[in-house]
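Please take these sequences and the hints and turn them into a complete structure.
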Amino acid sequence: MKTTMICSLAFLLIVPGILSGGSNVADDNLVLLPIKNDPTISFRIWIKVGSQNDPPGKEGLAEIVSSMLTNAATEKNSYERILEKLYPLAASYNATMNVEMTVIYGRTHRDNLKEFYPLLIDAILAPAFKQEDLDRIKSQALNYLENTLRYASDEELGKAVLYNELFSGTPYGHITSGTIEGVKSISLDDVKGFYRKFYTRENVVIGLGGGFEKALVNELKRDLGKLAAGKVELVPKSVPRTGNGFTITLVEKDAQSTAISMGFPIKVLRGSKDWYALAIANSWLGEHRNSSSHLYQVIREERGLNYGDYSYIEHYPRGGQLQLPPQNVARRQQIFEIWIRPVPNETRHFALRAALREYQELVEKGMSKGDFELTKGFLKKYVLNYAQNTMERLGYALDDRFYGIKGSHLELFRSMMAKLTLEDVNKAIKKHWQYGSMQIAIVTKDAQSFRDALLSDARSPINYATAKSDHVMKEDKEIINFPIPVKPENIRIVPVTDLLVK
Amino acid sequence: MAGSIFPYKAHTEVLSNGLKIVVIPMESPGLVSYYSVVRTGSRDEVEPGKSGFAHFFEHMMFRGTKKYTGPERDSIITSIGASGNAYTSDDITAYYYNFAKEDLEKVVELESDRFQNLFYSEQVFQTEAGAVYGEYRKNITSPFALLNEKMKDLAYDVHTYKHTTIGFEADIKAMPQGFEYSKSFFSRFYRPENIVLVIAGDVEPGKTMTMIRKYYDSWQRGYVPPKMTPEPPQKGERTGEVAYPGRTLPILNIAYKGDAFDPKNGEFVAALLLGELAFGENSDLNKKLFLKEQKVQFISPSFPMNRDQGLFQVFSMVKKAEDITYVRDEVYRTLEEFKSKPIEEKRLSDLKRRNKYGFLMGLDTPSRVTGGLARFVALTGGIEAVDELYAAFELVTPEGILKAAQKYFTPERRSVLVLKGAQQ
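Those protein sequences? They're chains L and S, same order as listed. Position 361 of the first sequence, counted from 1, bears residue number 361 in this note's numbering, the numbering being contiguous throughout. Position 52 of the second sequence, counted from 1, bears residue number 52 in this note's numbering, the numbering being contiguous throughout.
Hints are supplied without guarantee of correctness; some may be wrong.
[Said to hold, decoys possible] BS3-like, lysine-lysine: derived pairs with alpha carbons at most 25 Å apart:
1. S:Lys420 with L:Lys138
2. L:Lys184 with S:Lys295
3. S:Lys287 with L:Lys130
4. S:Lys319 with L:Lys502
5. S:Lys420 with L:Lys468
6. L:Lys184 with S:Lys420
7. S:Lys288 with L:Lys468
8. S:Lys320 with L:Lys138
9. S:Lys319 with L:Lys184
10. S:Lys319 with L:Lys138
11. L:Lys85 with S:Lys295
12. L:Lys184 with S:Lys320
13. L:Lys431 with L:Lys369
14. L:Lys138 with S:Lys288
15. S:Lys292 with L:Lys76
[What the hints assert, rightly or not] Chain L is nowhere near these chain S residues, computed Cβ spacing over 12 Å in every case:
16. Gly18
17. Pro48
18. Asp74
19. Ser89
20. Tyr97
21. Glu149
22. Lys183
23. Lys214
24. Asp259
25. Phe290
26. Pro304
27. Glu330
28. Tyr332
29. Gly381
30. Asp387
[Stated by the list, open to error] If you want the footprint, here are the derived chain L segments under chain S, 3+ residues with CB under 8 Å:
31. 74–88
32. 129–141
33. 144–150
In short, the hints are calculated from the structure, not lab data. Please read all numbers here as calculations on a predicted model, not as lab measurements. Glycine included, C-beta positions come from ideal geometry on N, C-alpha and C.
Right under this line is the structure:
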């Protein structure tokens, strides 16, 4: 007995340094952004997991798990108690997640750090995983899929259909909210198993920004080091089907107007020269929520068909709510996307043609010198707006880590605007964009008649309430006959009630 | 100002034509946020058939002047990489740009030009009406947009809060015919006495004011206030049902006539806190209905600050139609409790602390400062109301909350709507 005691004491004397060092989150997995004068502290705790890790049949699990950490009880506190404690601090924590990343983020005034920090840490380390919390969170997720997404916003629905179709059959092939059957089937054991597998010490990156003290960094490393050990295998990259011509999904719905989203996967990622070159072309074609977008000029400003028209070279969730790009939605396989906001049903064919025609012209002719110079100048300054506060800057810093960018993407963005030439841009267009193969998702009424019109490539004349300029009238003559070659087997009609089921 | 909650020093000046300018220097690496707050919104749409016009007009403000046509203006904004937009609501139309400080003079020039010299053809005017109709169509698929439209219509009889900011669909369809009216709208409302500039970020007040005077001094007065018809006191409860063509869980919307924004009105200030205490995230009712019983997808208050008498509202999405009455009665029961039993001091002080930190943490970028102040500016014409309101919050007592509950939450002031989706 005595001997054993001595042995363990000796063990304790020698080992603690190694043990505590070994169980900390590694310094490599720290992203720090100290800003002395900032009276607040921003946390972004990145777990390398996302909807691509959802097991087949359990689509939606990654998102549910993140919610079970941030919107539910911990071992120490009921969820009600957590809300009570956070309340006077005006601080909160939440999760944002996408195909590859889950980030638990929170922000507090430094006066309130002592009260906020233990709540945040408990949420990550000691979730209670109670059945009543799971019931509530599943019910919200199902309501979103069954009602909100299908009926409350046709443009969000169109995008969801596009994302699901683009990567169908791969781990990227379902939206983060999952499917109705997937969510229904999720049990507490699924949640616990997923958490144990992915929320590990080696799979976490600590992002910390603002007016924090050094001691907080050590505390975080030590505390998150208490997560279970475990290396996580990266899901093989999702490889989508490409090169199948125009493939169209028509969602049949009793809709007043028609929402259109279309695109294809692209390989280019931020950090590479081509990405910045393509960013110039894309900004000219369709800068998000900006009147400088050429598609916007053609479809909205000149013709008044809808509220806006944009394009993207990175996945851009919540586009309807955001003015500037979101952070922490990074992914290894990106998409090119064109978003046509709802147009009157009678102009749907025309609007689709108008957008494709502009895109085709850009792909075939490239950018003009004048547009290139203007757009380059625009982006150089516009990106200043992308990360205005500590939380946003920290988000970008994590994304830089994801993409393996040494330094900062936003600085690189600005410096590339000075280096890139028109030739670089036009070469990048040719290399990464093609015309003729695209996935198109359309939410509309009387889909059958649209299918017929698309298959026969029928003219799509347009009537305006008012006179238009000669320039518009001339262009319209080309638009109404602009060919969209599509094979019958590549157009399918899906009733809205069949969507998002499994 | 001693005891001020607002953490930055603001410089306020009024030009001889009545234009007020608030300049707020703050730490911000090279960025400036520039807000033009027009103290006009859908509230000012007093003429019949003109609902939605303030918002429509906001769109027209991007269509250029004789000096800079719309495309020229777009191209200049593009060349300076400014991030900007505009929005309209009941009491405000706001235009903003966020940009690099070296471009301040260009923005001052462009903004002063369009506010004084807006010029567009009838053809352009009519095309823009199409974009506005597109905005309506994209919004109306939401059950909340439909509910908002119906609640305003139910709760008000004569005041312009009867219609939404986007307007009635029939009025939007008729917008292309409003070209002449649009000129009168501009001439009456887009005048210096009715507009306040709020400029925050990496700016120096002296130099900024020199630029402002250079470009805005020549602007002529001429604001014509709309002839508002006050809403007569409501006499008795109103109820209704709304049929939503898509699928949704039922939504319960209970609204009470409140008061116009006035930080000196202790009952109004107390009511703003009451909304949070009774129906906010940390309220007993939220914990009961959302967390414990799980009968609702959410319950939440909307107690806005309005220039005229606004609505204190509670929204709840109920999981089962048969529970709507139960949830409604729980809301009433909660309000009765607030009328009869003073709230614990601790809950009130927690809320005051939350408000203070929430406000401070929200002011971390120039655009959040200007954006946060814009509503106060629209309601009162200046930013002093911010300090007044937060000072008034500090003075609210449990008895004050009780009195506010007794004043506002009576059946006579109440309107109730239930929205239901199409049968599954």
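Each hint, compared with the structure:
Annotation: proposed proximity of S:Lys420 to L:Lys138 holds, straight-line Cα distance about 22 Å (limit 25 Å). With a C-alpha separation of about 18 Å, the suggested pairing of L:Lys184 with S:Lys295 holds against the 25 Å cut-off. For the proposed pair S:Lys287 and L:Lys130, the alpha carbon gap of about 16 Å is at most 25 Å, so the pair holds. A hinted pair counts as satisfied when its Cα atoms are at most 25 Å apart, and S:Lys319 with L:Lys502 qualifies at roughly 23 Å.
Restraint check for S:Lys420 and L:Lys468: not satisfied, since their Cα atoms lie roughly 42 Å apart, outside the 25 Å limit. With a C-alpha separation of about 24 Å, the suggested pairing of L:Lys184 with S:Lys420 holds against the 25 Å cut-off. A C-alpha spacing of about 59 Å is found between S:Lys288 and L:Lys468, which places the hinted pair above 25 Å, so the restraint is violated. Only pairs whose Cα atoms come within 25 Å are accepted, and S:Lys320 paired with L:Lys138 is accepted, the gap being roughly 16 Å.
Taking the CA atoms of S:Lys319 and L:Lys184, the gap is near 16 Å; set against the 25 Å cutoff, the hint holds. Annotation: proposed proximity of S:Lys319 to L:Lys138 holds, straight-line Cα distance about 13 Å (limit 25 Å). Our distance criterion of 25 Å between C-alpha atoms is met by L:Lys85 and S:Lys295, whose separation comes to about 24 Å. A distance of roughly 18 Å separates the Cα atoms of L:Lys184 and S:Lys320; the hinted pair therefore holds under the 25 Å criterion.
Restraint check for L:Lys431 and L:Lys369: the C-alpha separation of about 19 Å stays at or below 25 Å, so the hint holds. For the suggested pair L:Lys138 and S:Lys288, the alpha carbons sit about 18 Å apart, so the restraint of at most 25 Å is met. As the CA atoms of S:Lys292 and L:Lys76 are separated by approximately 18 Å, the hinted pair is consistent with the 25 Å bound. Here S:Gly18 stays apart from chain L, with its beta-carbon at least about 30 Å from theirs, past the 12 Å limit.
Look at S:Pro48: its CB is around 22 Å from the nearest CB on chain L, clear of 12 Å, so calling it non-interface holds up. Distance check for S:Asp74 against chain L: the nearest CB is about 5 Å away, which does not clear 12 Å, and the non-interface claim fails. Taking the minimum C-beta to C-beta distance to chain L, about 16 Å, the non-interface status of S:Ser89 holds against the 12 Å cut. Taking the minimum C-beta to C-beta distance to chain L, about 10 Å, the non-interface status of S:Tyr97 is violated against the 12 Å cut.
With a least beta-carbon separation of about 15 Å from chain L, S:Glu149 lies farther than 12 Å from that chain, consistent with its non-interface assignment. Consistency note on S:Lys183: stated as away from chain L, and its beta-carbon is indeed over 12 Å from all of that chain's, at 17 Å minimum. S:Lys214, annotated as away from the interface, keeps every beta carbon of chain L farther than 12 Å; the closest lies near 23 Å. With 12 Å as the threshold on Cβ separation, the claim that S:Asp259 sits away from chain L holds: the shortest Cβ distance comes to roughly 26 Å.
With a cut of 12 Å on Cβ distances, S:Phe290 falls inside the contact zone with chain L, its closest approach being about 7 Å. For S:Pro304, the requirement that its beta carbon stay farther than 12 Å from each beta carbon of chain L is met, with the minimum near 19 Å. No beta-carbon of chain L is positioned within 12 Å of the beta-carbon of S:Glu330; the least distance is around 17 Å. Its beta-carbon lying about 23 Å from the closest one in chain L, S:Tyr332 satisfies the requirement of being farther than 12 Å from that chain.
In this structure S:Gly381 is separated from chain L by more than 12 Å, as the shortest Cβ-Cβ distance comes to about 27 Å. At roughly 18 Å, the least C-beta separation between S:Asp387 and chain L is larger than 12 Å, which holds for a residue marked as non-interface. Taking a C-beta to C-beta cut-off of 8 Å, the stretch 74–88 of chain L contributes 6 residues in contact with chain S, enough for the three needed, and the coverage statement holds. With 5 residues bearing a CB less than 8 Å from a CB of chain S, the stretch 129–141 of chain L meets the requirement of three and the coverage assertion stands.
Three residues within the 8 Å Cβ limit are the bar, and the stretch 144–150 of chain L against chain S gives 4, so the coverage statement holds.
The earlier numbered hints that this structure contradicts are 5, 7, 18, 20, 25.
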